[in-house]
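So the protein sequences, as listed, match chains A and B. Our numbering puts the first residue of the first sequence at 112, with every later residue one more than the last. Our numbering puts the first residue of the second sequence at 112, with every later residue one more than the last.
Honestly, the hints are just simulated from the structure, not real lab data. There may be inaccurate statements among the hints.
[To be verified] Lysine-lysine pairs mimicking DSSO-like chemistry, simulated, CA-CA at most 30 angstroms apart:
1) Lys358(B) with Lys195(B)
2) Lys366(B) with Lys324(B)
3) Lys156(B) with Lys362(A)
4) Lys195(A) with Lys132(B)
[Claimed, not checked] Beta-carbon label-pair distances, calculated as ranges:
5) Gly288(B) with Leu353(A): 38 to 44 angstroms
6) Leu382(B) with Arg129(A): 29 to 35 angstroms
7) Gly365(A) with Gly158(B): 16 to 22 angstroms
8) His236(A) with Thr133(B): 43 to 49 angstroms
9) Gln322(B) with Ala330(A): 53 to 59 angstroms
10) Phe290(B) with Leu353(A): 39 to 45 angstroms
11) His236(A) with Ala330(B): 46 to 52 angstroms
12) Phe290(B) with Gly365(A): 43 to 49 angstroms
Even glycine gets a Cβ: it sits at the ideal position worked out from N, Cα and C.
Number of protein chains: 2
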Amino acid sequence: MQQFDLDIERVISIIKDRNCKTIGLQFPEGLKRRAPGIAREIEEKTGADVVISGNPCFGACDIDTVLAGRIDILFHFGHAGLGKHDNVVFIEVRSNVDIVPAVRKALPLLKTRRIGLITTVQHVHKLDQVCGVLKEQGKECVVGKGDGRVAYPGQVLGCNFTAARVDCEELLYIGGGVFHPLGVAIATGKRVVAADPYLNQAVEVAPEKFQRKRGGYIAKAMDADVFGIIVSTKSGQNRMQLALGLKELAKKHGKKCFMIEMDLVTPEQLLAFHADAYVNTACPRITIDDAERFHAPVLTPQEFESALGERDIEEIEMDEIGQDN
Amino acid sequence: MQQFDLDIERVISIIKDRNCKTIGLQFPEGLKRRAPGIAREIEEKTGADVVISGNPCFGACDIDTVLAGRIDILFHFGHAGLGKHDNVVFIEVRSNVDIVPAVRKALPLLKTRRIGLITTVQHVHKLDQVCGVLKEQGKECVVGKGDGRVAYPGQVLGCNFTAARVDCEELLYIGGGVFHPLGVAIATGKRVVAADPYLNQAVEVAPEKFQRKRGGYIAKAMDADVFGIIVSTKSGQNRMQLALGLKELAKKHGKKCFMIEMDLVTPEQLLAFHADAYVNTACPRITIDDAERFHAPVLTPQEFESALGERDIEEIEMDEIGQDN
Numbered sequence: 112m113q114q115f116d117l118d119i120e121r122v123i124s125i126i127k128d129r130n131c132k133t134i135g136l137q138f139p140e141g142l143k144r145r146a147p148g149i150a151r152e153i154e155e156k157t158g159a160d161v162v163i164s165g166n167p168c169f170g171a172c173d174i175d176t177v178l179a180g181r182i183d184i185l186f187h188f189g190h191a192g193l194g195k196h197d198n199v200v201f202i203e204v205r206s207n208v209d210i211v212p213a214v215r216k217a218l219p220l221l222k223t224r225r226i227g228l229i230t231t232v233q234h235v236h237k238l239d240q241v242c243g244v245l246k247e248q249g250k251e252c253v254v255g256k257g258d259g260r261v262a263y264p265g266q267v268l269g270c271n272f273t274a275a276r277v278d279c280e281e282l283l284y285i286g287g288g289v290f291h292p293l294g295v296a297i298a299t300g301k302r303v304v305a306a307d308p309y310l311n312q313a314v315e316v317a318p319e320k321f322q323r324k325r326g327g328y329i330a331k332a333m334d335a336d337v338f339g340i341i342v343s344t345k346s347g348q349n350r351m352q353l354a355l356g357l358k359e360l361a362k363k364h365g366k367k368c369f370m371i372e373m374d375l376v377t378p379e380q381l382l383a384f385h386a387d388a389y390v391n392t393a394c395p396r397i398t399i400d401d402a403e404r405f406h407a408p409v410l411t412p413q414e415f416e417s418a419l420g421e422r423d424i425e426e427i428e429m430d431e432i433g434q435d436n
Numbered sequence: 112m113q114q115f116d117l118d119i120e121r122v123i124s125i126i127k128d129r130n131c132k133t134i135g136l137q138f139p140e141g142l143k144r145r146a147p148g149i150a151r152e153i154e155e156k157t158g159a160d161v162v163i164s165g166n167p168c169f170g171a172c173d174i175d176t177v178l179a180g181r182i183d184i185l186f187h188f189g190h191a192g193l194g195k196h197d198n199v200v201f202i203e204v205r206s207n208v209d210i211v212p213a214v215r216k217a218l219p220l221l222k223t224r225r226i227g228l229i230t231t232v233q234h235v236h237k238l239d240q241v242c243g244v245l246k247e248q249g250k251e252c253v254v255g256k257g258d259g260r261v262a263y264p265g266q267v268l269g270c271n272f273t274a275a276r277v278d279c280e281e282l283l284y285i286g287g288g289v290f291h292p293l294g295v296a297i298a299t300g301k302r303v304v305a306a307d308p309y310l311n312q313a314v315e316v317a318p319e320k321f322q323r324k325r326g327g328y329i330a331k332a333m334d335a336d337v338f339g340i341i342v343s344t345k346s347g348q349n350r351m352q353l354a355l356g357l358k359e360l361a362k363k364h365g366k367k368c369f370m371i372e373m374d375l376v377t378p379e380q381l382l383a384f385h386a387d388a389y390v391n392t393a394c395p396r397i398t399i400d401d402a403e404r405f406h407a408p409v410l411t412p413q414e415f416e417s418a419l420g421e422r423d424i425e426e427i428e429m430d431e432i433g434q435d436n
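Bound conformation, chain A alone:
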């Protein structure tokens, strides 16, 4: 069974060192269950008052800034650091799941000698081990650094695949889910093999079906008259300048459009506005993962340019948020 190690001793030692009296804790959904016990342990060992953030948390881009403003220090669990925050400490979480069996299953699918390695933060400490397995088979490994938005070599985010842009023809992704390896395949144009240690399986990523589906949304948005442009208020997801540029573009093409600022971007909240289509400048994953739940097409910024005839559909890149937004 997968276990996550949370370094509570480090948390307690920081609280004592800095003599903090009021403490905030923020966890991604999968770790919230452990929050009450951790809060109690901290209160017992430090005497400080602890408040847990009860809001949904989707990443290091999603700091509970309201809570952070009310307490001495906020510990944000489960994600590597991102952005500048005065009183936020990121407590990363490492998975102890064994990645070797899935990597061995990936070996027969790899066609070339030089392999780029990528993963998410909870497995970054295993990349050396992966490299060892590949070397045994005569392969060569390359691990990209990524831009300033990612904390570790080889680390990819759902909105940032810069660490995958390395000199190789094939990439091996280690981790769960289909979103990250799909994003890497589209962002880099390279062949991607995904080794999933949770399901203990390996597959080659096939982005064509996904891209056909996106083409359908773009076609539907071409008939839209009224566009809603979504801007996030989350700490690491605000792309207002991009949104303002898109608004100008819409005007140039005689489209009606309005700007919506939101914290949580949900199908229910968008429904109220009755636009014909939306453009999402918040977390790129929302556009993709929730696509079928929205009542109207929700496009990435580049897909929107394509719908307006300003960009060839073949030249649409994966929506990413870089170190400079």
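Using the hints, position chain B against chain A.
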């Protein structure tokens, strides 16, 4: 059909007078549909850039403070002013629904001569008319002022029934829904007749069934070992001092408890924490309206005191938020 009048000319004149360049708009759910059109009208007539808040909005206690911090002026529609905000203008909304037929249906249910009148903000401009109808029948009307949290005489909120505390034995509530008149009946202990102009009907409020149900939640919470105490981050719903007092009380009784700060308090978000019971210091309506959707008992502060044996169940008052919280 009910229409709501929104004073957009006033909005435009304020923007021009104050020479504002960036404008925020916030609407309750029922008015969000009109937001894109209003945004466009404002942009065309003033040249300013408009951003709409896409977050849920439940009252004047629920200002989008993040948006307000990013623009010159925020217009908050549909609620009467509450709290101090530097750059927020409240644009109230009046319903033009005819309240007289429902009031006439209420007349036979009123047993005494002196009647207290109460309503919600969208009908406050009709209280004189209601009074006229009652006077024709030889009744006397009394309208309470309420505390500093309410803007108009006779106005009640879901969390404040101070305007109902007047010298009379019977109250007539004009408006939709069952929550407000139920709250008034429990808060004042008086007989309440509710005249609903939307359904064109009048009924006497019977709080006994509701109170029995609450008694069931309190009984269930008596067996709880772990309590989560919910504190809101919304501008007009934060009762941290009250919550800290409840935490001390829980400790005194040997209960484990933890504090959760949240924006939206939903059953889904609470589920993650696996407490045996919760105490809600955020909007009192959440405790009542969503009671059956929560996986565990969610109590008001006074219900919690009762579950701990610190308050007689007969002495539980309706949970209210006053002018001083």
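A quick look at each hint next to the structure:
1. Lys358(B) with Lys195(B): The given pair, whose Cα atoms are some 28 angstroms apart, holds under the 30 angstroms limit.
2. Lys366(B) with Lys324(B): Measuring from Cα to Cα gives roughly 24 angstroms; hence the hint holds.
3. Lys156(B) with Lys362(A): holds (16 angstroms)
4. Lys195(A) with Lys132(B): holds (28 angstroms)
5. Gly288(B) with Leu353(A): 38 to 44 angstroms: Given a distance of about 42 angstroms, which is inside 38 to 44 angstroms, the answer is holds.
6. Leu382(B) with Arg129(A): 29 to 35 angstroms: With Cβ atoms ~33 angstroms apart, the hint holds.
7. Gly365(A) with Gly158(B): 16 to 22 angstroms: holds (19 angstroms)
8. His236(A) with Thr133(B): 43 to 49 angstroms: At 45 angstroms between Cβs, range holds.
9. Gln322(B) with Ala330(A): 53 to 59 angstroms: holds (57 angstroms)
10. Phe290(B) with Leu353(A): 39 to 45 angstroms: Cβ of Phe290(B) to Cβ of Leu353(A): about 42 angstroms, so the range 39 to 45 angstroms holds.
11. His236(A) with Ala330(B): 46 to 52 angstroms: Given about 50 angstroms between the Cβ atoms, the range holds.
12. Phe290(B) with Gly365(A): 43 to 49 angstroms: holds (46 angstroms)
Of the numbered hints stated above, none is contradicted by the structure.
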